[in-house]
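J.: Turn these sequences into a full structure, and let the hints guide you.
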Amino acid sequence: MQELLGRISALDPRASLSLRVIACFDELIVGNVNTRALLSAAASLAGCNAGFSQQLPPRAMRVTTKGAIVPGPFSPAAGSSVCEGGVTAWLERDGAQHVNDAIILERLLLALRLRHGHGRRDSDHRRELGLLLDTEAPIADRHTVASRLNLSLTGRYRVLAAPLFAVWHSHPTCVEDVVATPYGSIHALVVPESHDPVDASPCGIGLPTGVDKLDRSFRTAIVALRLCLPPHTPVVTADTYGALIGLLADLPDRAAVPDLDALDSVMAHPWGPATVDVLIQAGSVRQAARLAGVHHSTLQTRVDTITEIIGFDPLDGLGRSRLGTAYLCWRLRNSRVLDLPPPTGGRSGGD
Amino acid sequence: MTTTARPGFDPELKAGLAIVGGVFPPTITPDLIAFMRKSYASPPIADTLRRRGIVRRDEVIAGHHGDAIEVSVLTPAQANGPRPCVLFLHSGGLIFGDRFSGADLVLDWVDQLGTVLVAVEYRLAPEFPDPVPREDCYAAAEWVAASAEHLGVRPDRLFVAGASSGGGLAAGLALAARDRGGPHLCGQVLDYPMLDDRGLTRSTHQFDGIGVWDRVSNETGWTALLGDARGGADVSPYAAPARATDLRGLPPAFIDVGSAEIFRDEAIAYADAIWNAGGDAELHVWPGGFHAFDIFAPHTVLAQGMIRTRNAWVEKILVD
Numbered sequence: 001m002q003e004l005l006g007r008i009s010a011l012d013p014r015a016s017l018s019l020r021v022i023a024c025f026d027e028l029i030v031g032n033v034n035t036r037a038l039l040s041a042a043a044s045l046a047g048c049n050a051g052f053s054q055q056l057p058p059r060a061m062r063v064t065t066k067g068a069i070v071p072g073p074f075s076p077a078a079g080s081s082v083c084e085g086g087v088t089a090w091l092e093r094d095g096a097q098h099v100n101d102a103i104i105l106e107r108l109l110l111a112l113r114l115r116h117g118h119g120r121r122d123s124d125h126r127r128e129l130g131l132l133l134d135t136e137a138p139i140a141d142r143h144t145v146a147s148r149l150n151l152s153l154t155g156r157y158r159v160l161a162a163p164l165f166a167v168w169h170s171h172p173t174c175v176e177d178v179v180a181t182p183y184g185s186i187h188a189l190v191v192p193e194s195h196d197p198v199d200a201s202p203c204g205i206g207l208p209t210g211v212d213k214l215d216r217s218f219r220t221a222i223v224a225l226r227l228c229l230p231p232h233t234p235v236v237t238a239d240t241y242g243a244l245i246g247l248l249a250d251l252p253d254r255a256a257v258p259d260l261d262a263l264d265s266v267m268a269h270p271w272g273p274a275t276v277d278v279l280i281q282a283g284s285v286r287q288a289a290r291l292a293g294v295h296h297s298t299l300q301t302r303v304d305t306i307t308e309i310i311g312f313d314p315l316d317g318l319g320r321s322r323l324g325t326a327y328l329c330w331r332l333r334n335s336r337v338l339d340l341p342p343p344t345g346g347r348s349g350g351d
Numbered sequence: 001m002t003t004t005a006r007p008g009f010d011p012e013l014k015a016g017l018a019i020v021g022g023v024f025p026p027t028i029t030p031d032l033i034a035f036m037r038k039s040y041a042s043p044p045i046a047d048t049l050r051r052r053g054i055v056r057r058d059e060v061i062a063g064h065h066g067d068a069i070e071v072s073v074l075t076p077a078q079a080n081g082p083r084p085c086v087l088f089l090h091s092g093g094l095i096f097g098d099r100f101s102g103a104d105l106v107l108d109w110v111d112q113l114g115t116v117l118v119a120v121e122y123r124l125a126p127e128f129p130d131p132v133p134r135e136d137c138y139a140a141a142e143w144v145a146a147s148a149e150h151l152g153v154r155p156d157r158l159f160v161a162g163a164s165s166g167g168g169l170a171a172g173l174a175l176a177a178r179d180r181g182g183p184h185l186c187g188q189v190l191d192y193p194m195l196d197d198r199g200l201t202r203s204t205h206q207f208d209g210i211g212v213w214d215r216v217s218n219e220t221g222w223t224a225l226l227g228d229a230r231g232g233a234d235v236s237p238y239a240a241p242a243r244a245t246d247l248r249g250l251p252p253a254f255i256d257v258g259s260a261e262i263f264r265d266e267a268i269a270y271a272d273a274i275w276n277a278g279g280d281a282e283l284h285v286w287p288g289g290f291h292a293f294d295i296f297a298p299h300t301v302l303a304q305g306m307i308r309t310r311n312a313w314v315e316k317i318l319v320d
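So the protein lines, in turn, are chains A and B. Residue numbers for the first sequence follow full-length UniProt numbering, so the first one is 1 and each next one is one higher. Residue numbers for the second sequence follow full-length UniProt numbering, so the first one is 1 and each next one is one higher.
No wet-lab data here; the hints were simulated from the structure. Careful: at least some of the hints might be erroneous.
[Stated by the list, open to error] Restraint ranges, calculated between C-beta atoms of paired labels, are given here:
| id | chain 1 | residue 1 | chain 2 | residue 2 | range |
| --- | --- | --- | --- | --- | --- |
| 1 | B | G8 | A | D212 | 31 to 41 Å |
| 2 | A | P73 | B | E315 | 41 to 51 Å |
| 3 | A | F74 | B | L113 | 28 to 38 Å |
| 4 | B | E142 | A | R59 | 56 to 66 Å |
| 5 | A | A68 | B | D156 | 32 to 42 Å |
[Said to hold, decoys possible] Sample of chain A residues lacking proximity to chain B, with all beta carbon distances greater than 10 Å (derived):
| id | residue |
| --- | --- |
| 6 | L11 |
| 7 | L28 |
| 8 | N32 |
| 9 | Q55 |
| 10 | P57 |
| 11 | G67 |
| 12 | S75 |
| 13 | E136 |
| 14 | D196 |
| 15 | A262 |
| 16 | F312 |
[Unchecked claim] Covered stretches of chain A (in silico footprint by chain B; criterion: 3 or more residues with CB under 8 Å from a CB of chain B, positions within the stretch not fixed):
| id | stretch |
| --- | --- |
| 17 | 18-24 |
| 18 | 140-154 |
| 19 | 237-245 |
Ideal placement from N, C-alpha and C gives every residue a C-beta, glycine not left out.
T.: Printed below as a string of structure tokens:
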């Protein structure tokens with residue numbers, strides 16, 4: 001995979017290889033793979049042998065880039081090994097270190113320690129953001145973690161959520177990690193409430209909360225992220241949707257939503273998504289027609305069709321809220337923003 | 001979110017996808033062909049061959065309609081006497097890749113099993129639609145058979161191997177060689193072969209937007225090759241071997257495929273059809289494997305198993 005990493009950076013020098021390495025080890029950890037698989041992934045990513053040893057019980061293993069075991073002991077050089085809690089991991093690198101060596105070793109050691117039963121809570125600070133964003137984690141533990149991460153217990157913060165492949169034009173300096181969610185591995189960052197707007201695509205910005213509600217900020221950030229439509233809407237801030245964002249964050253993915261099936265039928269029309277979108281934004285049929293760039297009577301015909309399908313007037317009283325809510329649910333269910341897009345440069349860089 | 005039931009990826013492979021996705025997006029539309037030709041170009045071959053002790057000679061031969069195409073003849077440095085020979089047809093969905101794409105795995109046959117390997121630079125769609133790619137391959141097979149003495153190969157130990165689109169071309173070549181009385185093949189290795197332009201199987205629809213090579217990518221490849229004829233009544237079984245109705249009299253086939261890829265069902269169906277026709281096929285379905293996982297993640301336990309199993313079959317068929 002070292003060769004693949006080389007190709008990614010040749011195709012797109014801005015691509016974040018370290019996040020891909022992190023995501024790779026995250027999947028290995030989630031998949032609970034064994035020591036040999038961890039070492040072969042590290043060796044394959046680095047392009048040289050990888051090894052590990054531990055003191056108690058004494059054990060060591062060396063693996064090639066092709067996943068084969070290498071017999072014999074090895075004394076790792078200080079520069080290409082990491083050691084923590086009696087576990088040492090190393091890369092058998094000839095010559096100068098490569099740019100990804102440090103992140104590969106860091107993640108390898110973390111994965112080895114988890115595999116070998118060293119808990120996440122004893123000394124491992126790097127993974128603690130996941131705990132802070134975990135609804136199930138006890139508040140006292142979250143406070144401990146927040147303190148270790150230098151987050152103020154009285155401060156207010158927002159969680160940013162982005163896919164691993166998001167493009168960052170400026171990257172906040174803050175607490176960040178890759179966190180497993182039902183939508184896959186999400187890059188989570190915690191910034192102060194008053195942080196400058198982020199320049200990333202796509203990225204969801206969660207509601208501001210205190211440290212013991214950051215799990216909720218994270219969930220609203222994921223909803224906001226799933227409402228992004230890059231390149232037109234690269235960033236969505238949860239605040240935009242007020243109380244709705246909290247309801248959406250609490251809504252189970254497969255929950256039956258009244259009006260949604262009917263809206264599906266509307267959206268099946270070629271004009272459906274664009275028309276509903278302008279109806280949500282506009283105050284009148286005339287304004288909606290202007291936004292959509294169609295004749296007033298054309299839009300009125302569509303509104304009549306919509307009314308017939310959904311069974312209520314989408315421009316009248318509660319009808320507006322019902323349509324708006326159903327529309328947001330529809331967008332979440334049909335969101336493709338977390339699908340890995342074509343590699344950057346794919347559409348512009350071909351020759 | 002889709003609710004399609006589908007087998008999950010093997011954990012090691014799923015981790016690999018975090019890297020693979022950076023060069024090989026799951027969904028390849030026609031506007032990505034130019035990008036894929038860059039991202040899937042094979043790395044420089046010379047170093048690889050030197051390290052392995054393999055000698056390479058490039059030749060220009062007559063392809064379809066006599067047009068010049070290039071092939072590379074790879075020979076073990078210590079070759080003595082006529083060797084078995086494999087015609088290698090590369091992967092790349094019929095629209096990208098070059099003759100050394102994914103070749104690292106078949107080079108084991110050269111330096112470990114002592115075969116000669118001929119890698120064919122068949123021309124790619126959409127610039128060269130059907131029948132150009134497959135007829136380039138057929139012409140290369142005829143050239144090898146006719147040049148056996150010159151190449152130092154045994155004409156009775158010629159076999160064809162290909163991965164993905166190359167697997168489909170290899171299967172088509174075996175059908176064509178049988179029907180036209182062409183070169184005698186002693187085996188066909190069809191790695192996760194691209195056999196069916198119709199896109200009707202269940203597995204074709206199970207992996208939209210995930211893994212490597214989804215339904216849309218497959219439509220992109222087949223449409224580039226066949227244009228409007230894709231999925232219609234007039235597609236040759238030499239182009240889409242899943243359409244063959246007579247699978248009698250074919251060389252022994254080795255077919256492998258992942259359970260978590262769109263070609264699963266067509267690979268299984270092809271092996272089944274060969275058995276039903278009284279033929280010889282060995283089929284392996286690797287659990288949780290995405291398309292071409294042995295090329296992208298050869299360090300994983302699943303890929304090692306796939307490679308070992310395939311090499312053992314090749315050794316059984318070829319080595320005296």
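J.: Under the constraints set out in the numbered hints, which ones does this structure not fulfil?
T.: Hints 2, 6, 7, 8, 11, 18 and 19 are the ones this structure does not satisfy, whereas the remaining hints hold.
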